[in-house]
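Once you've looked at the hints, dock chain B with the ligands against the given chain A.
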Amino acid sequence: MGMLYEMLVNTFNSNGEVQKSSKALDVDYIDTMVHGFFASPEYWVNTTTGEIVKDKPVDTANYRHIEAVEAGKCLASYILGGDASLIGNPTYNANSTNYTAKKYHEFVNDMPRVGAVSWTVTKGAETEYQYKKDFNVAKTPEWAEKITGVPASKIRELANMYTDPEQHPIFNEWAGGTQKQLNGSIQLWAITALMAITKTFGLSGETFGGAWATINSRGPVADTDSNNYIDFSSINVGNAGVRSISDKSVNSISCKEWFNGIKIAFKDYLTPERGYTGENIPDWNMNNRYYSNDGGVKSLVMFEKNPSNPDELATEVLDGKTYYKVKRDENGNPIYSGIRMILNAGGAIMVNQHMNSNDLTAMYKAIPALNSEEGGGYTNADSLCLVTFDLFMSPTARYMDYVLPAVSQLEAVGREAFGGQSNSMYRPPVVEPLGDALDSWTMTYKAWVAQSQLGEFTYEGRTTSGIGAAPSNYTGNTSFKPIRNYYDAEVDKATANPSSKYYGMTRDEVYGAQFTPAKNNDEYICTSYYETRGTTTSWFRGDSDTSEGVRNDISKVGQIRQNLDNYLNGDKTLPFVFTTSNSVQNYFDGTTNQPYSLAHDNSTRPEMSGKFQIYNGRVQYDYEHAFEMYHGWLPAENRGQENRDAEGDLKVYPIPMYFNFEDCFKESYNGFNNVDSATGEAKAGKNAAFFAGTGKDKPLTMSTTHDRFRVHSTHDENPLLRELNHRTIGGGWASGNDWKEYCIVPERQTEGSAAAYESPMISSAIYNKNRETASWHEIWINTQDAEERGITDGMLCRVENPIGKVRVIARVTDRCIPGHLNLHQGGWYDPNTDGVDDGGNANTLIASTPSRYDHGNAQQSAYVIIKPEKEFNI
Amino acid sequence: MAIEKIQYAFYFDQTRCMSCNSCTVACKDWNQVEPGPVAWRKQFTYEKDGGFFPLSMGCNHCEEPACKNVCPYNAISKTDDGIVYVNRDLCQGALSCITACPFAKPQIAGDKQEPNALESWKVQHPMQKCDMCKDRLDKGEKPACVQSCVGRALDFGTKDYILSTYPGAVQLNPSDFPYAYVNNTNETKPSFYVKKKTSISITKASSNYVK
Ligand code: SF4
Ligand code: SF4
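Line by line, the protein sequences give chains A and B. Quick note on the working numbering: the first sequence kicks off at 1096 and runs consecutively. Quick note on the working numbering: the second sequence kicks off at 56 and runs consecutively.
Please keep in mind that the hints were generated in silico from the structure rather than gathered at the bench. A portion of the hints provided could be inaccurate.
With a Cα cut of at most 30 Å, we get these calculated DSS-like pairs of lysine-lysine [said to hold, decoys possible]:
1. B:K167 to A:K1864
2. A:K1249 to B:K103
3. B:K97 to A:K1864
4. B:K103 to A:K1962
5. B:K167 to A:K1835
6. A:K1249 to B:K252
7. B:K97 to B:K252
8. A:K1249 to B:K251
9. A:K1596 to B:K197
10. A:K1965 to B:K167
11. A:K1864 to A:K1835
12. B:K103 to A:K1835
13. A:K1241 to B:K103
Reference listing, derived: stretches of chain A covered by chain B, where coverage requires no fewer than 3 residues with Cβ under 8 Å from a Cβ of chain B [claimed, not checked]:
14. 1579–1589
15. 1904–1912
A few chain A residues that face chain B, going by a derived Cβ cut-off under 8 Å, partial list only [as the list claims (entries may be wrong)]:
16. R1803
17. F1804
18. V1806
19. E1818
20. W1828
21. A1829
22. S1830
23. N1832
24. W1834
25. K1835
Built from N, CA and C at the ideal position, the CB exists for glycine as well.
In isolation and in its complexed conformation, chain B is listed as follows:
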């Protein structure tokens, strides 16, 4: 019997996020990523056309992962759950994934953030990124970021679950979310569905304001 493949996906409600970064911190904590610039998930609030738009995003476990396709060492694979997984033991530091990913989600730590290399690694700092908290999923728990989200802005599940639960959500795309595409706009079919914030939240101060 063929194993039925599924695709796990993240959901994010841009109207609910309060930019608290609990997701960022919970991710670092659970996955033992030490303090420092590398963070598998980051929340940031982008300003655009007088409005502001929060986005909490890690690796999007794309259906057509650009990172995987360019890795010369086959360090990146896609599991039957749709998780795009990096085997850090296989990474040899080609760095091609880093530029291929539209969202710059594959990351390399510095010595300070990652002082002790594992013996099984081939390089001092192999690429690292979100693995959807595989270990938690195995226990039937949601990823740490989703579980910790104070604003109930994040959700997680199969693509079918996400699409049926949040029919208004749109798949991450460069025209709605240009600020997410920091590297390029390659089409990778991200497993990331967002409820868009459309209202402009900043009322520009009056120009009659006396300075």
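The following block holds chain A by itself, in its conformation from the complex:
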């Protein structure tokens, strides 16, 4: 935002006239290609010619309606704090130099580009939200400096770099993970907005990068000469012909809300009597069956099927609108389907690697487990069944009903494709799987065999075709072959082919040497095919499906840019035709791209402009209407997703903004005032005091970085890796030497075991207070922050917030910015008897709150207090 401010003030003079300089934005480009940075009127656009008209055409067949962007709601207004005089009150006027601006002027005479901020703030100056107080504050580099610690001069320098054509191409990449911050999807939206506004796209080496240089940005350009790589594309497992019958009477939702799916199914058991208080979700109104207003979770009740078509749901009309017809029990109550069984195929999601481990485990303990006496066995759907594949008996496995053996990385068959490449490589297993562990090929084969034996089966009038559906690589083979045989056959072809670069090699040599080469090393940069691959298709191809956006069809980006440069160098009096439909922008909004947005009718859903969508009304619309058709069981005001915050203002806006982190944490930790609905009186939230701390009690932001010494939570128990980030109290590097006492739980639990350590914890050294060997995970803290809190390097500290508490050892370092802590994610959850997690699991501190726009996991953001540990004496 600070960068955009700098650009804006360099773009207009005090009379609002456009300036041309290396520090100025290209306004003709923005008018042509960007929607919503400046205000624009409502208009209709001809999808073939690009011509725009003010009034609704008589025949709208070739037209699309584009919503107005109010002068006080465009991004430029937000950035200027609504003060258009900072840039001389610019308008679209008679001097405008491009088709779009001239038309806007024609529709609305001398239309202002920017106006006073017009977002509603119900409580006015009384608002508790800092971001709303900042609506009328210009987002200057100095404003940004105070938040980020990045010097204003640096922000200006960066801004000037982005506007200067000489400095392009600029490579932009974001690390996967940003989207897992509390407001991650909005940050990505803001970053891509910066790219769009500064014309940072479409040149070789320059793009809107996706994570990990995968398909959406371009890694090395794959060599297409098949003699240079081995084509394994014909070998795949797929679903191996296993058929299932999906039951349409229950809905499926985003996997990220699985924990909430358990809550809605089993809410009746989540009671204090059964040990569940919900204390780790401070903002949950436990009168609701579910936590947070998520449309998907609210769709997890059962529905009636259309009697004449079992693939469809029956509908009913309520309050004049059509909803799916809810199935009800004899008392007329909806039947909550929720989530009752989880088969976790990989990872330690269900305890360790998901936000709020304390809440998850408390929840599991309160609900009858399938294999418990109360659970009643495998026929009882009113019990929770959790199954996981686990190799290491991780904390997640400790809470599951069934633990199945998995193959390790070294035992697994690998078929992988890398950054921007379409060709896959084969990685043979290093060792054969042990015991009952199966590679995925063999496992799916066995599933297919099992289903073949079952034959066809029928469920609610629908029949599978089980036995006829053999996977293609089995067809024609009289017996099962390990997957390696299929790869070997391809390799043998290559080694016998004189024109292959693998000619004459042994199989092992090929497996050791295979790679999918880049065309040439000079192209080992992000590339957008500007020169090589552009294809011209008509503008506004297809319908408004946003998955057809520019970003998903990267081969066209270079062509668009080329056309655009030609256009901007010409007279610009005709509309620009830019070869493809929709917006590069909207992929990150997390809602426009999801298919579950089911409103009663979509006639009011805003259309995409075809330009980069900085203002995107569809984001807001889709948020508000997500899963709405499934919400007939709820009171009318509770259908769809409520787009209201605690003060009655918007939660989700159609432009990217900066939401102050304190605001967000106050929401999820219950730090704002609560208005008593009966008396109307405002009372300080339960955890307001947490936010009031100053000096050493001031909370710090915390993110959950990836450790270099393990993979997420995998290998936190591996002693050679564990000692690299665990330390004993006051001990130096690699002083963590608890490996002979750590993780011996299974051994100790074996009958007749002579294990010397008694402990309900994974770390018996900590439980038994063996100071010499007890070790804790490191947390990184800045020198200044440590000093202020009396924390020294190697000190045992407690980190806590209203969600949970962990004990960790301080690593005092200037490599962590002031005001912030880094706790590597993946420490094994190991709560002690005092309720403090001695495993240093970052998720113990992470709220269940989903991220704002996309309801994704927000596992990288916490706000915590850190202090020397005083209560735990060892």
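Positioned in the frame of chain A, the structure of chain B with the ligands alone reads:
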């Protein structure tokens, strides 16, 4: 014919190391050093003058090894390849090497890390340190740390090879790498050549940052 003596040496590129400690772990794994504080090679990142400087270092097989010269039992020798080798059977625990080495590379394990003494040892925990993976060199392979280096920051070879391949590298010395000299600054002519990281990598956060 006199055997021509060579000097093997390590090379480390401070600008490439990503502090992953693959070298540390590969060394422990190959040389069967159990988990615990003793590690023949350690990678650590030192903070100095607002910058941070990784260093992956084991024994430097010095041309003039301080450790060797002070051992009263002649347990330490220098091979024709320039390897400074400890014969653990000869060590009687004088510990003089430990203080003599500027880099504290000779190490003594505790009971927990080394629970089972060999019969041939004279003391429960004789001194141990890097031997340049002698056994691997004999097979024509590079030391485990070098082979495992993810950042391609480590290299190994004769001193001549290192000097000709990496002309910009400097021999380890106390003024450029003070953090390496944890015990003393005795001149031992370490067989360790480093490409220095000079840029300061930390931009100090602005003091206007609101706390
Ligand atoms: S680094 Fe230390 S232990 Fe190694 S040879 Fe030199 S003085 Fe001896
Ligand atoms: S393996 Fe290489 S990159 Fe990793 S810490 Fe060691 S020297 Fe550095």
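Hints versus structure:
Of the supplied pair hints, the one linking K167 (chain B) and K1864 (chain A) holds, its CA atoms being roughly 17 Å apart against a limit of 30 Å. For a cut-off of 30 Å, the pair hint linking K1249 (chain A) to K103 (chain B) stands: about 23 Å separates their Cα positions. Note on K97 (chain B) and K1864 (chain A): the hinted pairing holds, with a Cα-Cα distance of about 28 Å set against a maximum of 30 Å. Taking the CA atoms of K103 (chain B) and K1962 (chain A), the gap is about 26 Å. The hint holds against a cut of 30 Å.
Between the alpha carbons of K167 (chain B) and K1835 (chain A) the distance comes to roughly 9 Å, so the proposed pair stays at or under 30 Å and holds. The suggested pairing of K1249 (chain A) with K252 (chain B) holds, with an alpha-carbon distance near 23 Å, which does not exceed 30 Å. With a C-alpha separation of about 18 Å, the suggested pair K97 (chain B) and K252 (chain B) falls inside the 30 Å cut-off, and the hint holds. A hinted pair counts as satisfied when its Cα atoms are at most 30 Å apart, and K1249 (chain A) with K251 (chain B) qualifies at roughly 27 Å.
Taking the CA atoms of K1596 (chain A) and K197 (chain B), the gap is near 28 Å; set against the 30 Å cutoff, the hint holds. Straight-line distance between C-alpha atoms of K1965 (chain A) and K167 (chain B) comes to about 29 Å, which keeps the hinted pair within the 30 Å bound. Restraint check for K1864 (chain A) and K1835 (chain A): satisfied, since their Cα atoms lie roughly 14 Å apart, inside the 30 Å limit. Annotation: proposed proximity of K103 (chain B) to K1835 (chain A) is violated, straight-line Cα distance about 36 Å (limit 30 Å).
For the proposed pair K1241 (chain A) and K103 (chain B), the alpha carbon gap of about 26 Å is at most 30 Å, so the pair holds. Check result for the segment 1579–1589 of chain A against chain B: violated, 0 residues qualifying (beta carbon to beta carbon below 8 Å, three or more required). Note: the segment 1904–1912 of chain A has 4 residues with beta-carbon separation from chain B under 8 Å; the three-residue rule is met and the coverage holds. Taken as an interface hint, R1803 (chain A) checks out: its beta carbon lies about 5 Å from the nearest beta carbon of chain B, inside 8 Å.
About 7 Å separates the beta-carbon of F1804 (chain A) from the nearest beta-carbon of chain B, less than 8 Å, and the hint is met. Here the hint on V1806 (chain A) is broken, as its CB sits about 12 Å from the closest CB of chain B, past 8 Å. For E1818 (chain A), the interface hint holds, the least distance from its beta-carbon to any beta-carbon of chain B being 5 Å, beneath 8 Å. Because the beta carbon of W1828 (chain A) sits about 6 Å from the nearest beta carbon in chain B, less than 8 Å, this interface hint is met.
Taking 8 Å as the C-beta cut-off, the interface hint given for A1829 (chain A) holds, the closest approach to chain B being about 6 Å. The restraint placing S1830 (chain A) at the interface with chain B holds, with a minimum CB-CB distance near 6 Å, inside the 8 Å limit. The restraint placing N1832 (chain A) at the interface with chain B holds, with a minimum CB-CB distance near 5 Å, inside the 8 Å limit. A hinted interface residue such as W1834 (chain A) counts as satisfied when its beta carbon comes closer than 8 Å to some beta carbon of chain B; here the least separation is about 5 Å, so the hint holds.
The restraint placing K1835 (chain A) at the interface with chain B holds, with a minimum CB-CB distance near 7 Å, inside the 8 Å limit.
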